[in-house]
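Dock chain Y against chain U, hints included.
Spelled out, the chains give:
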Amino acid sequence: MQKFSVFALARNALTGHRNWQRQWRSPEPQADYDVVIVGGGGHGLATAYYLAKEHGITNVVVLEKGWLGGGNTGRNTTIVRSNYLWDESARIYEHALKLWEGLSQDLNYNVMLSQRGVLNLAHNLGDVREGRRRVYANRLNGVDAEWLDADGVKAFCPIIDISPNARYPVMGATLQRRGGVARHDAVAWGFARAADARGVDIIQQCEVTGIRRAGGRVTGVETTRGFIGAKKVGIVAAGHTSVLASMADIRLPIESHPLQALVSEPIKPVHPCVVMSNAVHVYVSQSDKGELVIGAGIDGFLGYGQRGSFHIIESQMGALIELFPIFSRLRMMRSWGGIVDTCPDASPIICKTPVDGLYINGGWGTGGFKATPGSGWCFAHTIARDDPHPLNAPFNLDRFVTGALVDEHGAAAVAH
Amino acid sequence: MLLIDCPHCGPRPEIEFRYGGEAHIARPENPDALSDAEWADYLFMRRNTKGVFAERWMHAAGCRRWFNALRDTASYKILATYKAGEQPPATAGAED
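Top to bottom, those sequences are chains U and Y.
If you count by my numbering, then the first sequence holds residues 1 to 416, one letter each, in order.
If you count by my numbering, then the second sequence holds residues 1 to 96, one letter each, in order.
Extracted from the complex, chain U is given alone in its bound form:
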């Protein structure tokens, strides 16, 4: 791997930037691998990277049916935070945030992590109590958290309307200063490049169409480019988790829904942080290009179409203008949808399955991006050791039978 540095930049400038290496190879698939990762998004590529880095397993292939990071990795609103209520969630998301904080150095790739702070607004007394409770819970788990009153919110984010006459007045907010945003495409590309450098094969435009098993054990995957043998297979395919699991006759508690986001025209820097509001339901930050990046809730119906309904955008815009009257004449440029796989308890599934050698990482719902490095790290451990790490052990399939759910609905600081 050609190391990126200011010296490499200067050296390549002398030759007109014509001699940069490709960032990853595009090899022909081998007949078999130690590990096949199904899904070339951030989580899948991170899994491959940590398999190679932490566990020395490099005979690995990542199969992607489209292009790298073209699914939810490239469709989210890039928010990174770890202020979850329950111990299990706080641990795994905080682990992810700590990996984020060193990720650009680790990957030798600028993922543009910007820890500009995340506000979760409270609009009524219930929100205030929940928010303060979450601040205390976060601190007990070693997650940085602060409570701001309405004036504190105004000082931190001056463009927000805290007028008590608003339909849903801002009464305060939780603040995680270490939260922020990261460049989502760079996350996929950085993990791909670093995994490739450690010997991982990355095959794009190769869709998995079947999972072959013998005697209760996985033996490989059928793909659009032929059969690929594997000792172990990890499914990490976001919205299509159920589709892939059904190929191995595994039933999951997951429902896939469209989730939309949109960006405005680029404007000068006006919005210094990330603002999320559960009650009026919108979340917004400003990208380095100047566009406002705006997300909200899922469509109510089950869908795989990567597009949602217009009335969802309408209510999202209503919420935005409620909080930020300054944006009322801003034009929106683009909108798009992703498919999120939601779990009944709004927590992910990262676990072994009844099929030996088959592992599932999914159910991240609307909030998977922030977990990308932690998810890959835990999933790599689970695959390499055939045993979950204590961080992801609570996020098993068995919890739906035992009742040990990790219920982050609402508790996760955003409605799901």
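Note that these hints are calculated values from the structure, not bench results.
Built from N, CA and C at the ideal position, the CB exists for glycine as well.
Some hints could be false.
As the list claims (entries may be wrong) - As a list, the in silico BS3-like pairs of lysine-lysine whose alpha-carbon atoms are at most 30 Å apart:
1) U:K98 to U:K3
2) U:K65 to U:K53
3) U:K98 to U:K289
4) Y:K50 to Y:K77
5) U:K3 to U:K65
6) Y:K50 to U:K352
7) U:K3 to U:K289
8) U:K65 to Y:K83
9) Y:K77 to U:K65
10) U:K268 to U:K154
11) U:K154 to U:K98
12) Y:K50 to U:K231
Claimed, not checked - Pairwise CB distance ranges, derived in the manner of DEER restraints:
13) Y:I25 to U:R167: 32 to 42 Å
14) U:H409 to Y:R27: 21 to 31 Å
15) Y:M1 to U:E222: 31 to 41 Å
16) U:K289 to Y:R27: 46 to 56 Å
17) U:H409 to Y:A26: 20 to 30 Å
18) Y:S35 to U:R167: 40 to 50 Å
19) Y:D36 to U:R385: 25 to 35 Å
20) Y:S35 to U:G210: 24 to 34 Å
21) Y:A60 to U:W147: 31 to 41 Å
22) Y:A60 to U:P325: 29 to 39 Å
23) U:A279 to Y:R27: 25 to 35 Å
24) Y:A26 to U:A214: 33 to 43 Å
Okay, now just chain Y, sitting in the frame of chain U:
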């Protein structure tokens, strides 16, 4: 926005409806006899079909009655709607 043909009221816009998820999940006849795994299957496990899917809708801003629809979850096209308690009509490509 979907245009949904309520079997009682006729075609109405999606904002009048509430979604109810997978259809034809029968409540267990004898709940006392169920194992934990069977309860989990009834409560949580879902087909999550990509393709033609039988699902429930409720006409919240209309007749307030539940009914069923056959809809393609990839194209969002609604192939049929039918009243609660009825079996799905035989539609080309229907698998549920």
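Problem - Hints the structure fails to honour - result: Violated: hint 8 alone.
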